[in-house]
Amino acid sequence: MGKTLFQKIWDEHVIHEREDGNVLLYIDRHLTHDMHHRLFPLIKAQGLTVKEPDKLFGVPDHSVPTTVKTVDDIPEGEMRDTVAGLERAAAEFGFHHFGMTDDRHGIVHVVGPEQGITLPGITLVCGDSHTSTHGALGCIAFGIGATEVQHVLATQTLWQRKPKAMRITITGTLGFGVGGKDVILAVIRAIGAAGGTGYAIEYAGPAIDAMSMEGRMTLCNMTIEAGARSGLIAPDDKTIAYCKDRPFAPKGKKWDQAVSYWRGLRSDDDAVFDHEVTLDGDAIAPMVTWGNSPQWALPVTETVPDPADETDPQIRADMEASLAYMDLTPGMPLSEIKIDTVFIGACTNSRIEDMRAAAAVAKGRTAKTRTLVVPGSGLVKKQAEAEGLDKIFTEAGMEWREPGCSMCIALNGDMLQPGERSASTSNRNFRGRQGPGSRTHLLSPAMAAAAAVTGHLTDVRDLIRAERP
Amino acid sequence: MSAKTKLAPFTTFASVAVPIDIANCDTDQIIPGRFLRKSPDDADYHRVLLHDLRFNTDGSEKDFVLNKLPFREGRIFVADINWGCGSSRENAVAALTANGVRAVIAPSFGDIHYNNCIKNGVLPVQLSEEDCATLRGQLRESPGAEIAIDLETQSLTGPDQARYDFPIDAFDKHRLLNGLDDVGLTLAFEDKIESFRKTYAARHDWLD
Ligand code: SF4
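Protein sequence lines correspond, in order, to chains A and B.
Take the first sequence: its letter number 181 is residue 181 in this note's numbering, and every next letter is one higher.
One gets this note's numbering by counting positions in the second sequence from 1 and adding 1000 to each.
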């Protein structure tokens, strides 16, 4: 029997296997961010140290204000302490650190691939659930908890159980105005927020082959919202072209060796998956969420669902609670939902392609809502500015900010007021995620820009078509 | 360095149990993001648990199960599907332990939260959706009823004395029963890790 892509990478990293199937796994790359700064004094107090500091990369993202450029400009208090804490740990333990003034600074899941820290075939962990993002490059990447972070710091290894294997095949061709975000929302809607629990999900099929690296990262990013810790996609020519010449990627002869190894990293034709799902890519429309779980997603052309139509009493209760929290009425067209604030950013959708997609819609239009555009890294910001995208946003009345997590998690001062409603390119619509009492609708960058310029959820296809002769 | 025991071992545990009737209760509910920079050593840390479901913005209590008298003493939760999905924040477990919660019974758990529970001496008990619904119903009907858990035999006794068996990975069970910490366990493999590193580096020369 053949092996899956996941199995091939896994097998290369097994140091020891217990009789009960638990495995001690070698970790190639460890990423960390400001929220973990307290763990460094903690390991020190236990008489431990960072075992392989050259494999650890830290970047402050959760606590950085998007309105200032240096640590000293952060108002005194826990935000500054958190960012400064990571910087101090990096100096003390000697790991890589991209501080706020460094162009390479940004959201940890944008920075990893951008710097060539993330590469096909590796194992990569970070104390953050959206570490699944990195699997888009064809590696095993998953989020871990704080105790596991300390374990990786001290040993560069982790005890793990091998997840089951799921393959999700997206057939056909994605339509105009449809991208990675719509695909993943359609996937989560189809399999449910716990549908991937216990699995690693490999994405495959013609729609994935045709998808950009950015789109694939969006897809893998939200794999955790379907319950799976890892999403991954076999490396292909696009992956290899993406990795080439990145600062931490191999060079020269080593690059050639790497490429020949990566070429073999795909699931064998006779590999068996524990579960297979197929979705028709041609049928996927631009998606929006209406409830407090990413599984509560629908094409923007539909209406707010009626819990009365649901037969399972538990699901019905969950839907009712969501509608009450979101202040929505069953039967209302989703495109009539009025939006107060638009957030374009987060590790889901803050890469250059996302900025371009939002700018294409914003161009020549005016925002009717408060709109924050937050690039995922200093380099994305620079690139966007070189292309004049910042001008398009500011001319549309949108705010062009410094990189960071920002309103995705509302830990840096960017937040919604109680009851305020957002259209957001982030990955979680949980109650209170964007501030206590906040109401979040998830969607793609193009859809978010469309909501900004109309003031309500809008089918971006109509907006763009309307202008075409 | 030898294996340390820094966690309280989990052998048997009995307590008033609390029904939490929320499907997909994500870790943002268990501890809202704005408390993530708060130190678990703070005297009022117990308040962060399910904070926005328990408290109004002025700090007064909402009408929520944990605010009702017999349930305040509950140290076992009976939850619904996908308990602890979402963010990897281990603070969610700290919020549980700050309230003395030692076990959560649910039909399914977020994978990362499940691991975080194990690493902190909190037992995640997986029972079927029907069994969890039955238990929650019984707890609602007889507030203050207890559940007793025996990890060695992997079983628990419900309020009506019915016995339920639950699965748990052998390694996780071993860790919990003995309060073992992983770093201690792993350091015993130091030689094996070193020899792996050498052969791995030779096989994957491109990655250094
Ligand atoms: S952007 Fe949001 S989801 Fe991504 S790492 Fe930051 S807080 Fe987490």
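Note that these hints are calculated values from the structure, not bench results.
Even for Gly, the Cβ is constructed at its ideal location relative to N, Cα and C.
Misleading hints may appear alongside valid ones.
[What the hints assert, rightly or not] Only pairs whose alpha carbons sit at most 35 Å apart, straight line, appear in this in silico DSBU-like list of lysine-lysine:
| hint | chain 1 | residue 1 | chain 2 | residue 2 |
| --- | --- | --- | --- | --- |
| 1 | A | LYS338 | A | LYS363 |
| 2 | A | LYS164 | B | LYS1068 |
| 3 | B | LYS1198 | A | LYS244 |
| 4 | A | LYS55 | B | LYS1038 |
[Said to hold, decoys possible] Partner residues aside, some chain B positions facing chain A, computed with beta carbon under 7 Å:
| hint | residue |
| --- | --- |
| 5 | ASP1041 |
| 6 | TYR1045 |
| 7 | ASP1182 |
| 8 | LYS1198 |
Using Cβ atoms only, decide whether B/LYS1198 comes closer than 7 Å to chain A, and label the hint accordingly. violated (12 Å)
When you check the alpha-carbon spacing of A/LYS164 and B/LYS1068, does it fall within 35 Å? violated (41 Å)
Please verify that hint: B/TYR1045, Cβ, nearest Cβ of chain A, below 7 Å or not. violated (14 Å)
Holds or violated: are the alpha carbons of A/LYS55 and B/LYS1038 at most 35 Å from each other? holds (29 Å)
Can B/ASP1182 be said to touch chain A, with a Cβ gap under 7 Å? Holds, about 5 Å.
Given the hinted pair B/LYS1198 and A/LYS244, is their Cα-Cα distance within 35 Å? holds (26 Å)
Going by Cβ atoms only, is B/ASP1041 closer than 7 Å to chain A? Violated: closest Cβ of chain A sits about 11 Å from B/ASP1041, beyond 7 Å.
Given hint A/LYS363 paired with A/LYS338 - CA-CA distance at most 35 Å: holds (21 Å)
In the structure shown, a violation is registered for the earlier hints numbered 2, 5, 6 and 8, in ascending order.
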